[in-house]
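Residue numbers (the working numbering), protein chains in the order written: chain A, 70 to 592; chain B, 26 to 405; chain C, 1094 to 1402.
I should point out that these hints are in silico values taken from the structure, not numbers from a laboratory.
Be a bit skeptical, because a hint or two may be false.
Below, a list of computed lysine-lysine pairs in the PhoX-like style, where the Cα atoms sit at most 25 Å apart [stated by the list, open to error]:
| # | chain 1 | residue 1 | chain 2 | residue 2 |
| --- | --- | --- | --- | --- |
| 1 | A | Lys559 | B | Lys98 |
| 2 | A | Lys408 | B | Lys98 |
| 3 | C | Lys1371 | C | Lys1182 |
| 4 | A | Lys260 | B | Lys112 |
| 5 | A | Lys490 | B | Lys98 |
Now the stretches of chain A that chain B is said to cover, found in silico as 3 or more residues with beta-carbon under 8 Å [to be verified]:
| # | segment |
| --- | --- |
| 6 | 204–216 |
| 7 | 346–358 |
| 8 | 367–377 |
| 9 | 412–424 |
| 10 | 447–454 |
| 11 | 521–531 |
Partial chain B-side listing against chain A, Cβ under 7 Å, derived [as the list claims (entries may be wrong)]:
| # | residue |
| --- | --- |
| 12 | Pro104 |
| 13 | Val135 |
| 14 | Ala187 |
| 15 | Gln254 |
| 16 | Gln322 |
| 17 | Ala360 |
| 18 | Ala362 |
Even glycine gets a Cβ: it sits at the ideal position worked out from N, Cα and C.
Residues per chain, in single letters:
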Amino acid sequence: MAHGHDDHHHGPAKGITRWLYTTNHKDIGSMYLWFSFAMFLMGGVFALVIRAELFQPGLQFVEPNFFNQMTTMHGLVMVFGAVMPAFVGLANWMIPLMIGAPDMALPRMNNWSFWILPFAFAMLASTLFMDSGAPNFGWTFYAPLSTTYAPSSVTFFIFAVHIMGASSIMGSINIIATIINMRAPGMTLMKMPMFVWTWLITAYLLIAVMPVLAGVVTMMLFDIHFGTSFFSAAGGGDPVLFQHVFWFFGHPEVYIMILPAFGIVSEIIPTFARKHLFGYDSMVYAVASIAFLSFIVWAHHMFTTGMPLAGELFFMYATMLIAVPTGVKVFNWITTMFKGSISFETPMLFSIAFVVLFTMGGFTGLMLAIAPADFQYHDTYFVVAHFHYVLVPGAVFSIMAAAYYWLPKWTGHMYDEALGKLHFWLSFVGINILFFPQHFLGLAGMPRRIPDYSLQFADFNMISSIGAFIFGFSQLLFLFIVVKTVMGGKKATAAVWDNPEGLEWTVDSPAPYHTFSTPPLVK
Amino acid sequence: MLLKNKLWLGLMTAVLALASTELFAAWDLNMMQGITEISRETYRLHMLIFGICVVIGVGVYGVLAYSLIKYRKSKGAVPATFHHNTKVEMVWTILPFIILIGMAIPSTRVLTQIYDSSESELDILVTGYQWRWQYRYLTEEGEEVSFFSNLATPDEQIYNVAAKGENYLLEVDQPLVIPANRKVRFLLTSADVIHSWWVPEFAVKKDAIPGFVNESWVIAEQTGTFRGQCTELCGQEHGFMPIVVEVVEQAEFDTWLAGKQADAAAIAELTNQEFTLEQLVEQGRTVYNTYCVACHQANGQGLPPAFPALTGSAVATGPIEGHANTVINGVPGTAMAAYRNQLNPIDMAAVVTFERNGLGNAVGDMITPAEILELQAAAE
Amino acid sequence: MAKAEDTANGYEAYYVPEQSKFPIWASFGMFLMVYGLGNVLNDHKAGIDMTTSSWIAFLGFFTLSCVLYNWFATQIRENHQGLPSAQLKRSYVLGMYWFIFSEVMFFSAFFGALYYVRFMAVPWLGGEGDKGVSAILWPDFTPTWPVVSNPNPDLFTNPEESMAWPGLSGALSYLPLWNTILLLSSSVTVHIAHTALKNGERKKLNLWLGLTVLLGIVFLFLQAEEYIHAYHELGLTLNSGIYGSTFFLLTGFHGFHVTLGAFMLAVMWFRSIKGHFKPEDHFGFEAASWYWHFVDVVWVCLFFFVYIF
Ligand code: HEA
Ligand code: HEA
Ligand code: CUA
Ligand SMILES: [Cu+2]
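Just chain A, same shape as in the assembly (with noise of 0.2 Å):
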């Protein structure tokens, strides 16, 4: 029989099994990363395919179902797929070794939350080969559209939305029992990194909304295969109320989408302005004011729904204060920045384009909030401007800071700097190319979610699509880099930069695959 004291002392298991079978935190991190890159590619892939399509005006590549396809993949797979599952393998990976804790709470239930990922997309994948086609409503999914007018396949996407959320709601209770529970002694709640702040906060958010998630494509469900009549006025339904359900998990998630990067920018900034990272106190109290209010604004997204006039009012208020904590974050870390000593590895790189890019991203919220200006933005492509400098150089960014950050850490070895440099400087140009002319295009009155648009906008699209290739491929070139490290490198010390805060950086690179078994003590 297994003996809790001994384990600690192996390592990992011998071939493909080590991965199906792993309650390791770190071997399950890994496999959250690499799943999330992977579908990054998939969603960037059809992407692609749409800027292909906008490249110019007329139908050239793709026949519009199919453009809406597209849209609606790409939309699922870079939410669901790329992004939050890359934020919960950080989590994994870091999490313990941040709060000094041998693993995550419940390490079995930790594979399970990861291995539900696979089989979900692959299922939400298929829908593309059925004869129906895949899912061509929308990342939104608004009924009746998904309900009564959708394609067969819309059964199995609402069947992969339920296990996904399965998978997340497992994932944040893992995480809150860790964070909860297995802080090192002396760790107290306001002694710990920002990053695990976040995450705590982002997991109470997934396990609010996710539930709520499942509950709207259950009455989907139930509308398209057991004649109830939720989202059908004819029998006493609505379809706004779809809508409503759905935001009240939708907005709550573009947040979830974003707050752990605030935690990763909140890590990186200090460590590489050698300074205390500026106002730790109210960077905490911010972030719990974002995810209160971000329960209490979801119909900043149904303005044009015709909501009665003191609904209206109350989202665009309730909305606009979230500028408030957002602004005090942002100020926070330029004032870490101010009088530090400052190094630009591409970390930090990737960190100060987070907040320059997020922050005009904000500022497009901003005025996507104020209801009667909406009128004229709403589902244009200024929305699209918005949400892609708040996920693509927010979250996306963040992320690949944090693996510059602690691939050191994960492999014991250095990543390549020019390499990196070149990689960022390619992403944020293309970056730039692909969404700021995006603006314009909404401003000037392009709808989104169109496979073909009136000459007036050809130049912004065309503009639009060649930086969408340059900040795609660059892509490639991140991948190049990370197994480069994997592979081999200049060997990485414990401290891996000059003094950073945290316990991970007081294990060696790379990190035993058992840490803290037994706890530090934290003064």
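With chain A held as given, fit chains B and C with the ligands onto it using these hints.
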């Protein structure tokens, strides 16, 4: 790297500044000011918020750029040790809050204005269909005028075989016509999925939701042609259901309306006329290519399972009444719409006859508009 | 054992299990189950034969069940070996709390929907409130709750009657009332069982726990009765518009959770007969009883918001 970064920041603010000047509004860089009080109010609001964001942006990015230049390790900067300052933190929590209040006030004003759709002088019921708009003028009983507005751009242009016209994808067969300087109220709804009716120059964008009615209104201050598009994903042709509005002087509008009412009467007349199978098949082909082809395809093979084939199908070769009824009443709970309120009896008779004698079918029978009318009556 | 060995600075090792086959097989079973289910539903809609799909779904369900059975068995065995430290047990407790919270959120989605249709959508369709204009589409629809005549009765057949509270006169023959009494008392009985367990009174524990399971089963039986009544006498079905939709999904999902809860308690009953659980260590039992209390609370909300008001 710094130089690049600075350059980029400079460039960005430059672009923003340019975008904000009226001059460039014409260059499709910025929101259009439009031709109504509301649209101008909206534009001003947009510029105000945008301006504030640019100012804050310049401040924020300025400090950032300064720190990046001044406090570089390579320049031997030594890190300070401070890590919080309650005063400053208070300031940058409260200041944005005040700015936001400043933004909220005008926004509230404009929004309340937009929401006041009372005292309209003309009501128009706008109904979204996959994938066309129907306009019904709610005038006195019996006088009601109603027609459909379809994309007029030919496939040759869309599939790049013919050169694209200047109003590519923004042209329709029958535009909506409204009088200038009158408060026109739109009642928006949908027959199938959610659509959204948007004309940028009116700053009117409202969802058309099946089973519910949304209100919106416009007082157009200039005559002319104004174009917009459906802005809610509504299926495969979502990108191909434009909106064109002709704003004309009241007098011109009245004559136009009278003309329309006359046409309606004429159709009713025609319905009782005799038609030959050939006539019907001919007309049916055009109707089919506007209304049915998207789903059932040009060759009648459809896109099973969602969109069944017509060639050799049970319906299209079975009893003609059944076939006609499917077209008249649609198939509830599927994508097959009830064309009773989209097509006049003549067109329905024509398209049914065509489907039975074209698309590789050769049933040889025909149905007259009169018979369609009977079936329709029976259905009600 | 494990405990004794590593008490370096008084720390009791946190048991991290070696490799485990359970997760991946559980995922696979889960996948087969939903994939099969999806095919079943689509076949049914398309009128195709469903046997293969049904088998896939069943196979998946079977795999999942077997895995879970062994998973829990292992968990219990490890507990008897004393592997889990007090800290690990706190992790279990936290896990159960937040799982129940997620269930609460699932139900609130449906309660939210009920609130919305009842106080907004339906009145609007009937010409009341801010979006009353919508009534021009439904000239002969009058908004009432419960909705017994739908805007379009051809698509959604009207129920003859709703499940609404019959007034004190008919109270005694009103099943939901009895169900409420049943569930409330079952919460009490499970609590008595729990205290008995804490005081190490095994007989009393078995008795009251068994009684709880029994009450649960009777509840489910009456619930089935009610559904049959609804379908056959009242013509109230999933297809009778928004009232039927909200009624059956809310009560249905609750019924499903009662089934789960009763099953858990039954398992606990057998375990207790086999002599599992110690007065100071019986997490399995506690988890099940918390779940039961939760299901009970949900019912109380149902009783008021779905039936009475
Ligand atoms: C990571 C994801 C993310 C994040 C962080 C945000 C952040 C914000 N979003 Fe965004 N949003 C999305 C993802 C995100 N959004 C997505 C995916 C959609 C589209 C969904 C779909 O339809 O497909 C969307 C759509 C969307 C809409 C609907 C648009 C429409 O469809 O018509 C609105 C409207 O209010 C909105 C608002 C905001 C606001 C106010 C913020 C705020 O949080 C921003 C706050 C930040 C700042 C304001 C900048 C920093 C602050 C300062 C420097 C302080 C001083 C500033 C001021 C006082 C102005 N978003
Ligand atoms: C985090 C989420 C995320 C991310 C990272 C992205 C990334 C990108 N997105 Fe997208 N996007 C969304 C979330 C995201 N998006 C959402 C939610 C929507 C709304 C969907 C909807 O309307 O329903 C959307 C919609 C959307 C649209 C609007 C579509 C429409 O309205 O019809 C467009 C158009 O340009 C677009 C483009 C892009 C591009 C070019 C990228 C690029 O960043 C992608 C970068 C490209 C790659 C990473 C490809 C790498 C691979 C290769 C280079 C090929 C090599 C291949 C192999 C090795 C197999 N996205
Ligand atoms: Cu109609 Cu989009
Ligand atoms: Cu939002």
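* Asked: What are the numbers of the hints the structure violates, in ascending order?
  -> 14, 16, 18
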